[in-house]
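Chemist: Relying on the hints, combine the two individually framed chains into one complex.
Chain by chain, the residues run as shown.
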Amino acid sequence: MTVDPQMPILVAEDNPDDALLLTRSLRKARITNPVIVVPDGDGAIDYLSGTGAYTDRDRYPLPVVLLLDLKMSRRSGFEVLAWLREQPGVRTLPVIVLTSSKESRDVKRAYELGANSYLVKPGAPDDMVEVMRGVGLYWLILNEPPILPS
Amino acid sequence: MTKARTAVGAAQPKPGVSRPRSARSVPPPPTPEPAADPYRALLEQMADGFVAFDREFRYLYVNGRAGELLGRSPDELVGNGYYDLYPEAVGTPFERAYARAMTERIPIVIEDYFAPWDRWFENRISPTPDGICILFSEITERKRAEQVVGLQADLLSSVPEAVVATDENLKVIYWNTSAANLLGWSSTEAIGRSISDVVEAWSETERSGIIDAVRTTGSWHGEAPRRRRDGSWFDANIHLAGRRSPDGRFLGLIGVIENVTQRNVEFRRSRFQAQLLNGAHDAIIVFSPDRRIQLWNRGAEELFGWTAAEAIGQTTEILGFLIVAEQRAEAAETLARGERWREEITYHHRDGTASVGDAVVAPAIGEQGEPIFYSVVRDVTERVRLQGEAEAARRSLEALHEVELTIIETSDFGTVAAAAARAVRALIGCDLAAIGRLDLSTGDLVVSAVDGDSAVMVSGLRVEAGRETLDALRAGEAVYISDLAVPATGNASAAALSAEGWGAVLNAPLQVETELVGNITMLWRSAPSSVHDVQAILTDIGNCVAIGLRQMHLQAEIAEHVAELETRVEARTAELADINAELDAFSATVAHDLRAPLRSMHGFAQALVEDEGENLSDRGRDYTDRIRGAAHRMEALIADLLEYSRLSRSRLNLRDISLDSALQSALGQVSGAIEERGAEIDKRAPLGHARADRPALVQALANLLGNAVKFVPPDRTPKVTVFAEARDGRRRLWVEDNGIGIESRHRERVFLPFERLHGVESYPGTGVGLAVVQRILGRMDGECGFESEPGLGSRFWIELADTGPA
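If you read the protein sequences in the order shown, they are chains A and B.
FYI, the numbering for the first sequence is 489 to 638, going by the working numbering.
FYI, the numbering for the second sequence is 2 to 807, going by the working numbering.
To be clear, the hints were calculated from the coordinates, so they are not data collected in a lab.
One should not assume that every hint holds.
[Stated by the list, open to error] Estimated spans, in silico, between C-beta atoms of each pair: (1) A/Gly540 to B/Thr590: 29 to 35 Å; (2) B/Ala586 to A/Glu574: 24 to 30 Å; (3) B/Glu576 to A/Arg545: 48 to 54 Å; (4) B/Ser651 to A/Glu632: 37 to 43 Å; (5) B/Leu577 to A/Arg545: 48 to 54 Å; (6) B/Leu577 to A/Glu574: 45 to 51 Å.
[To be verified] From chain A, some residues computed to sit far from chain B (all C-beta separations above 12 Å): (7) Pro496; (8) Tyr542; (9) Tyr548; (10) Ala570; (11) Gly577; (12) Pro582; (13) Ser588; (14) Glu600; (15) Tyr606; (16) Gly611; (17) Met616; (18) Arg621; (19) Leu630; (20) Pro633.
All of these numbers come straight from a predicted model, not from anything done at the bench.
We put the beta carbon where it would ideally sit given N, CA and C, even for glycine.
Next up, chain B with everything else stripped away, as it sits in the complex (with noise of 0.2 Å):
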């Protein structure tokens, strides 16, 4: 407290200053009592100012301390009105807390700034029997202390970063709002809460590792990612610090805790481009327009031996890249023009190696917005490489489908090697290429084919190969000899290609599995820098002329086997030609021949009868007819043979056939037979279509109706029902009959030529019927057959290919 200061107390009313209060009599001021006061003692000894004012705030008392603190002595103030000496008073919160004391009588605390003096005071009041008194002290000081503490909360209120604090327990006891903002915890929420319950760690570990560090060190800073309250992360950059006791005693934490998150990821985004830059493996270089080099990445370091450090700051001449003039030139203008350049390149490495590079250069704006040119470098050295060997393969390839297609195309073993020799000189780049097949039989080899030019090597040639390359190419290596000049021992024809002018030559087996089948031999006029790369076209190529050879063996086992098929085909020709001839022959001889004294017996017998009838008995007569009768039946029986066997030699037209149309045809046919008989034919309509011979379907159908008119028991009126039915694709006929039907034990004699079940006097005819139609059905693909129960009657059945219902 400051004892210089001019103090201010209670004070005597000045007259004409107006101020509340009553209107009662002023009483004469108390006589101080001193000896009899001990109190008044004590009074003079406080550290806190003491007046007592009557009920005119005259001052009645004033300690020691209060003379100070009013920068009054008490003799000057006591009998004095406060607001006769205080003027300034008037109006304070002071003023109206004194005048409640003391209406109201009621003791007043009130601490308050006394703002004409600026300062703070506390005042304890009490009513006392002659007014009030009035204990007071100054707190400007603390007052002031608390201001800047309060403002101190402010300013941590308002700053933008959470700021939280903890006691030794690490429980929150402050949190400012932008920790709540950030954290999603309010101020009330957190505060009493354990600070990890409120920041959420990445990991315990993290946690507890922090805090270690706050411990020894003192403090933490770091960045790591914290959880929100609503389960959302965020980038947090975090200072933290110890609060420490005089002593050194832990007393808490003290955090600051901001959100980097948006920082980060533009931060991120930076380093990403870069590292982009870095990982891509173009060469990216940024230069100035004065060619200055300012960037220089990973990849130009790889592809140009020049590390970041070292172009930097240097011209592009470093590079030596752009080195044809041309390209220099037209680079430049296109730049100048502000369009972007791009062309293939030949650069070189610091080490002085140079490739093909893919070069981009364009013009930009840095990032101050000067113009800067910027050129990515790409090294399509392999790429150019890969696509010559593509190019050599798709050759090759061509080359290849070549001779494949002349093996598709021909059996010719002389084409397949003219072609394997072309593309034999066209790839490996000799002047002269000839393809050889060994002679089996001799064990030479001879030259199939040859593209190229020479008087030596020619098709036909047996070549005089030494026996050392022979055995070579027997064991599957191929020979090179690259100076034919020099004379070479057991090689008859090297001196004669030598002769003509001929350098080196190589000379490659050909292999169908280990066996050597022939050999591939390239000239050179003079020697190949390289024959590397030989290999792998020269098997291909083997391969192809080894499959010619194969396929020309096969084709002439091929030729021999057909030629030998031929042979046997013209010999069994030549066989069912004598047999059909001979088998004419007896037709003709059956007709001719027998009928011929058939027709004698027959016509002798009536003759007989018709001229010399008279002179016959009546037995006589009667031999006669027997006579003509079996004549008779022998014409019969020697017609329906013929018919039988020229049934299987005839041409039948298979197509189509109506069956209703066939079966009226064949009713036509046996129509004398029904009306003989009475016969009743139920046709069940419509019976479809067939795949059929017209004619011969017709007599078929004709010898079923037949029969089944025949054969039904004189007493009987015959019924015979046909009718149709469609089976799997098939059309199968039926013809029923009333008739005497067929004994099991017969069945298999039904259908065999001239096999006859029952006796000429009941059911005349030759037997040949049921084969006949058994006969045109096989040569019809169709079949027939049948069901039948004794004396009840039979049902016959063909069947055919269906070709529809109506």
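Okay, chain A solo, but in the shape it has when bound (with noise of 0.2 Å):
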């Protein structure tokens, strides 16, 4: 089954160039779902739990993925994969961790947090392509999404 074209992918990055790059490849790797980036991990939280800026649903549906990048200013990716892993709504949330450190100690810890999937944001743009067509492949059309509530 396909995931609804309509549902949102989350993208949680606070450089704007990776944000516009990421958007770019994604839209490259022909992924026409709405793409909505969140500046921080503050931005993330907010808009999972509906709050602040994010209250209307409607608007704003909760996201069929979470792309997290880990080093963010305010919250960074590890404490909002720790305080979504806690949210019953959103617990079950898809979460693909994108992010430039190779380190063993945070793929670790990333994963300890529950994060599904753990990438690293290659350095030439055309890698980066490849990897959202196979976020795309995978995530949006071949797993099978949990049913989270509207």
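Modeler: As structure tokens, this is what we get:
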């Protein structure tokens, strides 16, 4: 089955360049789901809990997957992960860690906190497109998503 | 010559007496011519007998002497036949001699025994014209004397002793058979030689001494070893006597030599046994069943104080040993059974002192076969005393050992002091023992351990020792108070101790070198009879405790040092942790913060080409390509830098690695470059085994192989040879190429990170590869290096601990 193409992909990324290039890579990988970018961990939590600027669920529906950067200002990706797995409504949301860190410590911690996947940002733009194509294929087409409350 | 004898002479043969003779007719007897014969008177005066026979053995003439010898007057004889008058002569040697002289007409001299008369005669028979005449004499006395001489000679020959005689010059003139047997010289050999040649003396001095003795006193007797002709010795019992002429002139020696070797052996044996008996330290006593003492050796004299003269004949009562009644009964019973009795006894010397003896009494058989008992007593007082001392020493050693063990097992001085106090109390036999320690800060003695019960003397107590006591202890002297009840000046604790019922106290110093470090206090309820022998024990224990104290101080010092070291290590560790954290943070920053803008540059440059490419000029596209290229190289640089940094921190797992297998993996990593350049790889297997971390080793090899393929001029086909060699417990792996080589001036820079010897255009790279190789090898206890000929190629090597050839 396929995911509702209108369900957004939430991207938590504090670097606007990266956010832009990521969005571009998703497009180039022919993933059409709306991409919503939050600039830090707090934003991600606000969005997922429907608070702050994101109280309107119709306008900001729960995402099909969260692409989470680890090194963010305010609240880090780890904190977002830890928080997320404690929330009854969204604890099962697939989370893909997307970071430039290859440190094994980070990898280990991310999986311990409940990350579903851990991807390292490739340096070359073409490689990024390839990674996003893989993300789309697996998480948006092959993977059966959990039922999240609307 | 005896004149009274009945003589026999030549006789007229009597008729009927047969005798060998010729059948000739008998001539008429010659008429004597008395007046005309002046010889007749001569014949009559002769001392010998003279007769003349006619051919029929009738007497023609008989002189006076002959008549005497024949026992008849000449008148009776003349005209008568000899054999008629003396028929007993028939068959004697004389008859044969007469007949022979008569018939053969020869003179004959005969000296023989005339058995019928038991007398000896000498006859000189001469033929005469008428018959024969005989001049004869009786030699019976001479013959008898000669027989005695012969007998004496035979006697001398047959005696078992050697008998010898010499002349005045000491030349042997007589040598009997026994002399020949004893000394080995036959009589013919010995006679004529000097006596000293054939009876060898012990020495010339001895010989001349003996000769002088004989000359002056006339004889010498003695025993001396003598040598036989064959060189063997025998014990000679020698009697020597001098022969002297009636006028006292020395005529020679007569010697009798007896071989007494055998006798001497027996004598010496018995004498030796007697000496043994007397030489023994043990008392040896022989007594009869009625307990009368028969033998009492010198040992017995010493042990019991009675001389042999006093003891022999007495009963064993004088000994006073076997004092215990049970012992006496037991011994009697054992002896009655014919068995030996042995026991430790207490015996008394004549002066009354008692000693401990090891006694044996046993039945035996005496010289005459009578039953006797012998007893051997040995003084073992010393042994018993030594055993006691040994036991005391052993206990002392054990106690000390205990203290020493405590010292080894614990560093707590209180425990050591407690062990020492126990040892002191056990060994000295005091009722309480305490070990004190000198508090260096206050100068007080503080009780560290107490063995014994006291409410006054307890651990931790500061002993208020009087100034005098303390001074004595400082001087290394012990202080003994035999009666605590007597008030002592300046000793406050004495009163307290006395109040608690203590009677005596001994206070001994504990010293290290000559420095007072503590004390030992010993308390008695009542003063002991003696406190000597204490010094050695106290010294030993004191040394132990001193060691304990020293150890305590050392332990404290060590603990201080350890604590300081630990603090230092902690500080260093913290510093290192900080540095590591900084490094990590740096790495993360490099990875994240540096990479992010790079990724943006790269990404937007590409986006520019892809999204706005048709709006760009060729030059614009060239610039963006250059931006992308630079971004790409920087990505590689950052990746290598992170790898290099990671290598120094990651944990390596060193174990036995197959170099062949590692090489295979490394070749796999650089297969792209190999294919691209069409490189030929010559692997000289097997490379063997070495101790390494596999991933790290593969990384190092891959870097070396990559370089070997990369740094080859484009017009040359890269040829890489890999081989290994064992070097003194190490294994060296060579990677040889036919590349551009390295000039020796660059030798130092080759392994530095980010050092590049060539332009990016000709040989792209980050310059980290060899630095990574060196760092990897360094972390695996390995080394690396290279040889190179610029323009022809390089040979890089790595070396690791060898774990096997294949």
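Chemist: Confirm or reject each hint.
Modeler: Do the hints match the structure? See the list:
no. : hint                             : result
1   : A/Gly540 to B/Thr590: 29 to 35 Å : holds (30 Å)
2   : B/Ala586 to A/Glu574: 24 to 30 Å : holds (28 Å)
3   : B/Glu576 to A/Arg545: 48 to 54 Å : holds (53 Å)
4   : B/Ser651 to A/Glu632: 37 to 43 Å : holds (39 Å)
5   : B/Leu577 to A/Arg545: 48 to 54 Å : holds (52 Å)
6   : B/Leu577 to A/Glu574: 45 to 51 Å : violated (36 Å)
7   : Pro496                           : holds (22 Å)
8   : Tyr542                           : holds (26 Å)
9   : Tyr548                           : holds (27 Å)
10  : Ala570                           : holds (19 Å)
11  : Gly577                           : holds (31 Å)
12  : Pro582                           : holds (24 Å)
13  : Ser588                           : violated (5 Å)
14  : Glu600                           : holds (18 Å)
15  : Tyr606                           : holds (14 Å)
16  : Gly611                           : violated (4 Å)
17  : Met616                           : violated (7 Å)
18  : Arg621                           : holds (16 Å)
19  : Leu630                           : holds (27 Å)
20  : Pro633                           : holds (29 Å)
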